[in-house]
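Given chain R, put chain E in place with the hints provided.
Chains as they are written, first to last, in my numbering: chain R, 5 to 159; chain E, 4 to 286.
These aren't lab readings, by the way, just hints derived from the structure by calculation.
Honestly, I wouldn't trust all of these hints.
[Said to hold, decoys possible] Computed Cβ-Cβ distance ranges for the label pairs, DEER-style:
id, chain 1, residue 1, chain 2, residue 2, range
1, E, Lys174, R, Gln95, 48 to 56 Å
2, E, His228, R, Gly144, 44 to 52 Å
3, R, Asp121, E, Lys159, 36 to 44 Å
4, R, Ile90, E, Glu68, 47 to 55 Å
Built from N, CA and C at the ideal position, the CB exists for glycine as well.
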Amino acid sequence: MSTFAFNATVNGKKIEINIKPNLRLLDLLRDVLDLTGTKEGCGEGECGACTVIVDGEIVNSCLLLALQVNGKKIITIEGVANDKEIHPIQQSFVDKGAVQCGYCTPGMILAAKALLDKSPKPSKKEIAIALSGNVCRCTGYAKIAEAVLDASHKI
Amino acid sequence: MINVGSYFRPQTIGEVYELLSNRKNPTKVLAGGTDLLLHLHKASEPVDIVDIGDIALLRTIGEHEDEIRFGSMVTFTQIQTSEIILKNYRALAKAAAMVGSPQIRNQGTIVGNIANASPAADSVPALVAVDAQVLVASSGSQRWEKIVDLLARINKVNLAGNEIILGVSFKKIPGLRSGFAKLGKRNALAISRISAAVGIVAENNMITEARVALGAVAPNPFRSHQIENSLIGKSLDEAISEDVLEAASAAVAEKLGNRASAPYKRQAIKGIVRQALEDALDA
Numbered sequence: 005m006s007t008f009a010f011n012a013t014v015n016g017k018k019i020e021i022n023i024k025p026n027l028r029l030l031d032l033l034r035d036v037l038d039l040t041g042t043k044e045g046c047g048e049g050e051c052g053a054c055t056v057i058v059d060g061e062i063v064n065s066c067l068l069l070a071l072q073v074n075g076k077k078i079i080t081i082e083g084v085a086n087d088k089e090i091h092p093i094q095q096s097f098v099d100k101g102a103v104q105c106g107y108c109t110p111g112m113i114l115a116a117k118a119l120l121d122k123s124p125k126p127s128k129k130e131i132a133i134a135l136s137g138n139v140c141r142c143t144g145y146a147k148i149a150e151a152v153l154d155a156s157h158k159i
Numbered sequence: 004m005i006n007v008g009s010y011f012r013p014q015t016i017g018e019v020y021e022l023l024s025n026r027k028n029p030t031k032v033l034a035g036g037t038d039l040l041l042h043l044h045k046a047s048e049p050v051d052i053v054d055i056g057d058i059a060l061l062r063t064i065g066e067h068e069d070e071i072r073f074g075s076m077v078t079f080t081q082i083q084t085s086e087i088i089l090k091n092y093r094a095l096a097k098a099a100a101m102v103g104s105p106q107i108r109n110q111g112t113i114v115g116n117i118a119n120a121s122p123a124a125d126s127v128p129a130l131v132a133v134d135a136q137v138l139v140a141s142s143g144s145q146r147w148e149k150i151v152d153l154l155a156r157i158n159k160v161n162l163a164g165n166e167i168i169l170g171v172s173f174k175k176i177p178g179l180r181s182g183f184a185k186l187g188k189r190n191a192l193a194i195s196r197i198s199a200a201v202g203i204v205a206e207n208n209m210i211t212e213a214r215v216a217l218g219a220v221a222p223n224p225f226r227s228h229q230i231e232n233s234l235i236g237k238s239l240d241e242a243i244s245e246d247v248l249e250a251a252s253a254a255v256a257e258k259l260g261n262r263a264s265a266p267y268k269r270q271a272i273k274g275i276v277r278q279a280l281e282d283a284l285d286a
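Just chain R, same shape as in the assembly (with noise of 0.2 Å):
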């Protein structure tokens, strides 16, 4: 299989490499640039663990070609921090007690912050409809809302 021109933007950072065409986003990022906050939960664009931001939208990495992004701006739940502390959504996860196994996290933080970016005062209504693409087997979704809540009141 022949290699392809591969150009973006990861969490601040340009990346130029070649990749072969059939390697998911998700697979460049978790096997390629070692970044493995991005979860593979279904492959399927059923369970959201995999969400990234492009270009300030989610999107599920499990159902994009790397090859689609070339170009783009991503933000991986690593980009999220910054070099000194946590970023205030994270924060009011952990205060709120919204994390339990973790593995939802990422992406929920990720959908959380695109909504955030967008709208800073959503409703709780708008809240649930962000993070609907994203499911939780562990919390019951109760603390995940209350903390998106919390971060809003604090951006």
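Relative to the frame of chain R, chain E by itself:
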């Protein structure tokens, strides 16, 4: 493993036509990819991919004097939030808003939804209700085809290997009040078990025109003249009435025959048509 052979990223529609002509290997056009990537997992031989993501003019939604048109890269999110769609045909925006999840809606396209031809495709009943057409093109020719004629039963469309859908068009219906309802096993990330798009035009409080299309109760979504006729002539207060809901039940019973889902769907359709009518009348 995703079974991809070669990957192409044309910059113009002309290049797309060239790439689709005389292909030796199985070739698929990639728009959003939310359905295609799942098919690629199951493909028995490598599939060549023609990614149309760079063709900017396919991402536009336009309002013309008597029709609305949008291109084949337009996503569910774009339709959901489009002023043009919300103003002219709310049911389509509502249908788009109920597809999958925000992640799927940000990436998936309406035309992909049509071309994948699932019986449960959510945007399709809304489009079929207004007799929407698609522009089918290849290097030799272009033609407009009604979506109902394009769909050829489950996961099949009447498209030749060298053809691509460039966009969708539907005529504006002045005074149309429209609504959409979907029955799924949960509120999001749900495949429709039944869906209904309804549109009514009323003059002096009386229904003069009705458009009703049902999804997930037949191989492809379809307009139900039976339900439409039961609405015409009724006053707006009478729209949600026993005989309209019975017409819906009869239409579904006829389509589903002896299928295991028939007893359930024959009853559930009444609730969905009721919801869709309430949605339309609320607007």
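Is the hinted range of 44 to 52 Å satisfied by the C-beta distance from E:His228 to R:Gly144? Holds - the Cβ-Cβ distance for E:His228 and R:Gly144, about 46 Å, lies within 44 to 52 Å.
R:Ile90 versus E:Glu68 beta-carbon gap, inside 47 to 55 Å or not: holds, 54 Å
Please check whether R:Asp121 and E:Lys159 have a Cβ separation lying inside 36 to 44 Å. holds, 41 Å
Does the beta carbon distance between E:Lys174 and R:Gln95 stay inside 48 to 56 Å, or does it fall outside? Once the Cβ atoms are compared, 53 Å apart, the range 48 to 56 Å for R:Gln95 and E:Lys174 holds.
Hint check: no violations occur; every hint is consistent with the structure.
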